[in-house]
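As you go down the protein sequences, you meet chains Z and E in turn.
Residue numbers for the first sequence follow the working numbering, beginning at 1 and rising by one.
Residue numbers for the second sequence follow the working numbering, beginning at 1 and rising by one.
These are computed hints drawn from the structure, not numbers from a lab.
Incorrect hints may appear among the rest.
[To be verified] Selected chain E positions facing chain Z (Cβ under 10 Å, derived; list incomplete): (1) 84; (2) 97; (3) 164; (4) 242; (5) 421; (6) 423; (7) 599.
Don't be surprised by glycine CBs; every beta carbon is placed ideally from N, CA and C.
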Amino acid sequence: MPSFFNSWLPFIYLYGVGGLFFLLGIILIRKSGAIDMKKKRHRYWYKVIIFGFFYFALLHAILIIAAIYW
Amino acid sequence: METGGNLQTTFHSIGSSTDWIVMVIYFIAIMLFGSYFGKYNRSTKDFFFGGRRFAWWLIAFSIVATGVGSHSFVKYSAKGFEHGFSSTMTYINDWFFIPFFLFGWLPIIVYTKIRSIPEYFEKRFSPSARFLATILLLFYMVGYIGIGFLTLGKAVIPMLPESFTLFGSTIPITLMGAVVVIAIITGIYITFGGQTAVIFTDLLQGFILLFAGFFLFFLGISYIGGFDVFWNLLPTEWKMPLAHFNDPSSFNFVGIFWQDGVAGSIGFLFMNMGLIMRFMATKSVNEGRKAAAFNILFMLPLSAIVVGNAGWVGKAISVSSPDVVPPNASPDQIFVVVANIVATPGVFGFIMAALTAALMSTVDTLINATAAIYINDVYRPLRKFFKRSNEVKTSKDDKRELNAARYASAVITTLGVLAVLAFKNFPTVYEAHGYFHSTLTPPLVVAIFLGLFWKKFSPAAVISTFVAGVALMIVGLHDPTVISPFDHGIEMNENHPYSYIRALYNTFVCLAIAVLVTLTTNKQKELASRLRKSTNGIRITYALTGASIVIFALVLFDITPVELQIVLILVMTGIVAVITTYFVKYDQEKHIEGLTVWSVNKAKEMFKGSKLNDEEGEVIKLNWKVKDHKEDTAHFSKSDMKRMKANVGDLVYLCDARKILGGLKSVHTVFGEPHDETGLVYINNESLLNGQFVEGKLLSAEKEM
Numbered sequence: 001m002p003s004f005f006n007s008w009l010p011f012i013y014l015y016g017v018g019g020l021f022f023l024l025g026i027i028l029i030r031k032s033g034a035i036d037m038k039k040k041r042h043r044y045w046y047k048v049i050i051f052g053f054f055y056f057a058l059l060h061a062i063l064i065i066a067a068i069y070w
Numbered sequence: 001m002e003t004g005g006n007l008q009t010t011f012h013s014i015g016s017s018t019d020w021i022v023m024v025i026y027f028i029a030i031m032l033f034g035s036y037f038g039k040y041n042r043s044t045k046d047f048f049f050g051g052r053r054f055a056w057w058l059i060a061f062s063i064v065a066t067g068v069g070s071h072s073f074v075k076y077s078a079k080g081f082e083h084g085f086s087s088t089m090t091y092i093n094d095w096f097f098i099p100f101f102l103f104g105w106l107p108i109i110v111y112t113k114i115r116s117i118p119e120y121f122e123k124r125f126s127p128s129a130r131f132l133a134t135i136l137l138l139f140y141m142v143g144y145i146g147i148g149f150l151t152l153g154k155a156v157i158p159m160l161p162e163s164f165t166l167f168g169s170t171i172p173i174t175l176m177g178a179v180v181v182i183a184i185i186t187g188i189y190i191t192f193g194g195q196t197a198v199i200f201t202d203l204l205q206g207f208i209l210l211f212a213g214f215f216l217f218f219l220g221i222s223y224i225g226g227f228d229v230f231w232n233l234l235p236t237e238w239k240m241p242l243a244h245f246n247d248p249s250s251f252n253f254v255g256i257f258w259q260d261g262v263a264g265s266i267g268f269l270f271m272n273m274g275l276i277m278r279f280m281a282t283k284s285v286n287e288g289r290k291a292a293a294f295n296i297l298f299m300l301p302l303s304a305i306v307v308g309n310a311g312w313v314g315k316a317i318s319v320s321s322p323d324v325v326p327p328n329a330s331p332d333q334i335f336v337v338v339a340n341i342v343a344t345p346g347v348f349g350f351i352m353a354a355l356t357a358a359l360m361s362t363v364d365t366l367i368n369a370t371a372a373i374y375i376n377d378v379y380r381p382l383r384k385f386f387k388r389s390n391e392v393k394t395s396k397d398d399k400r401e402l403n404a405a406r407y408a409s410a411v412i413t414t415l416g417v418l419a420v421l422a423f424k425n426f427p428t429v430y431e432a433h434g435y436f437h438s439t440l441t442p443p444l445v446v447a448i449f450l451g452l453f454w455k456k457f458s459p460a461a462v463i464s465t466f467v468a469g470v471a472l473m474i475v476g477l478h479d480p481t482v483i484s485p486f487d488h489g490i491e492m493n494e495n496h497p498y499s500y501i502r503a504l505y506n507t508f509v510c511l512a513i514a515v516l517v518t519l520t521t522n523k524q525k526e527l528a529s530r531l532r533k534s535t536n537g538i539r540i541t542y543a544l545t546g547a548s549i550v551i552f553a554l555v556l557f558d559i560t561p562v563e564l565q566i567v568l569i570l571v572m573t574g575i576v577a578v579i580t581t582y583f584v585k586y587d588q589e590k591h592i593e594g595l596t597v598w599s600v601n602k603a604k605e606m607f608k609g610s611k612l613n614d615e616e617g618e619v620i621k622l623n624w625k626v627k628d629h630k631e632d633t634a635h636f637s638k639s640d641m642k643r644m645k646a647n648v649g650d651l652v653y654l655c656d657a658r659k660i661l662g663g664l665k666s667v668h669t670v671f672g673e674p675h676d677e678t679g680l681v682y683i684n685n686e687s688l689l690n691g692q693f694v695e696g697k698l699l700s701a702e703k704e705m
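This is chain Z alone, in the form it adopts within the complex (with noise of 0.2 Å):
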């Protein structure tokens, strides 16, 4: 079994720190208005680019679970 810090630190760190780029980067192009949420093809890419966080974080997620029990 590997230990925590070749397993899962790597992957919270990843999508803790990595997590707050992405978080600042939404806030700011919410607050600077470059994303108006009032156009239909902007509320598109607002959700395409949650679902791409989440994406990968489950992908690594799978990933690790699959290397550990698989």
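With chain Z held as given, fit chain E onto it using these hints.
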């Protein structure tokens, strides 16, 4: 096969004559394919940017060859062989900065019609900021080209003999010798191709690379005895998608997160002119967003498998048959070794051709982009300075610039070859690339980011970041112990200290200088104002400039103790900030208009030149005729304009309606006065020449804004 002094087994003369024949045929076919598209270069705009015409899917696939080439088969197979599936982590950590890119940087660079990153610095800050950004960016781009050549050299060396005989004398084949020959071939292609040729060549190669990579994986798994055997041969640690947190120093998660996930991702998305020019070649910002999102969500994870699988297969073979692949095989050669073992003659040649051609695509793209920087940020400003450039650009000027771009490409190729010398002593290409990214990206990354998102970020702050931030980075190069507070427990390797985590230190010091100077703007203005009132003001500023140069030299040549260097750099920060405030005329309101994320709509309005029309209309198909009018307009019927919800003066994108062309035959123009012939558009001769439309083929028309 031989074992060198570093106890790594290296290989020579891999492959057969069939493989070489396949490789030569592949290269000739690719070059002919690329040169066909050279006819679409009618100006420097086309040569560098492909005329802002392409559909998202075409750009998304053409980026694959660029991404896969630069993040190459060689280095990821090496790390896959040494550490397993965690070789994929650098391909799956780019999403964090996508909000900044899609809705910050991308619309700004497109709408402000900026042709290079340094040009942004002039518009947003001052010409002096542009000058320093040009120097840093040229270092970055030439270094990147050097890494590309080094990788290419390492890829072909295992296929070559150790030496050859010419006129009775034996000539050894060296890495640098191979790099020089590769550079000559690369230079010939890019010089005559241009951006459209690069895009289409990369499009073809993107498909071939994906196919070749997955085919190799399939062959490798079959060779081992099936996926179950392969999976069970690998140790658990090798199956982890993320590396160990902080060990070993040559490959650890946290260092690579800051080097690649932060500095590298921002560098790749925000600073890599090669990639940015691809996004700028899309027909609209929305198409650019689609290309970027699709590439990161789908193509990069697939590319991670494509480039790393030879290393994973090599590891499995080294466990089951160490006599076939020795566990101490040279990591940078493992891709070639595995490909040769699992593929038959001819197929091996095809895989190697796909690999080397993709690497050449990356280098081509970078050379093209660096030439664009040279033309925009060195050639044109110099011509303007010496007043050899007319206000109105003639076709003669454009031809001269095209020639200058071609000569520049040749010089840049040579500099790229010389840059290989700086990287060739790293144990693997991966570490060389990591060190390069950690060192060269932070100042520009910080400057672009704060310039884009922080309205108060001033010319004094950006220039201080470039000067004092770089000085503090140099301190870290001379004395790596200053990086230790940031090391997250990573052991310091004496030979290559903190190759990756230095990105965190470098980013931190640049950010600290930038924030410090921005927050003390009022104080700098006060001091600059006092200097202006003083009768000796100009003399004092010259003396202070001289003092700054002396301090920078003391740091650069590591003459004084580290503690004193840090104090002197802080003093220099203050001096640079004040003298920049003294010399640079900066009106914040004017300089941030349309140039920060806070005024994207303004940028869009400036791009159009009139009020925006954001109503979403239909995309229509229609016939076309040429009418001899001089204005850059296209004339539609009233009813067609109604369907498109367009007004006279709005921007329109016209393209050949055949989707398979991906916008190759297209043009941007403006809605002119309407007529009554529904289903017909009148264009002028210039639009016909730019769009290369085919008689009898329908066009599709779309209102842009």
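Hints, verified against the model:
1. 84: holds (9 Å)
2. 97: Holds: closest Cβ of chain Z sits about 7 Å from residue 97/E, inside 10 Å.
3. 164: violated (46 Å)
4. 242: At 4 Å from the nearest chain Z Cβ, residue 242/E passes the 10 Å test, so the hint holds.
5. 421: Where the cut-off is 10 Å and the nearest Cβ of chain Z is about 34 Å from residue 421/E, the hint is violated.
6. 423: For residue 423/E, the interface hint is violated, since the closest Cβ of chain Z sits about 27 Å away, which is over 10 Å.
7. 599: Holds - the Cβ of residue 599/E comes within 10 Å of chain Z, reaching about 8 Å at its closest.
Hint compliance for this structure: hints 3, 5 and 6 are not met, and every other hint is.
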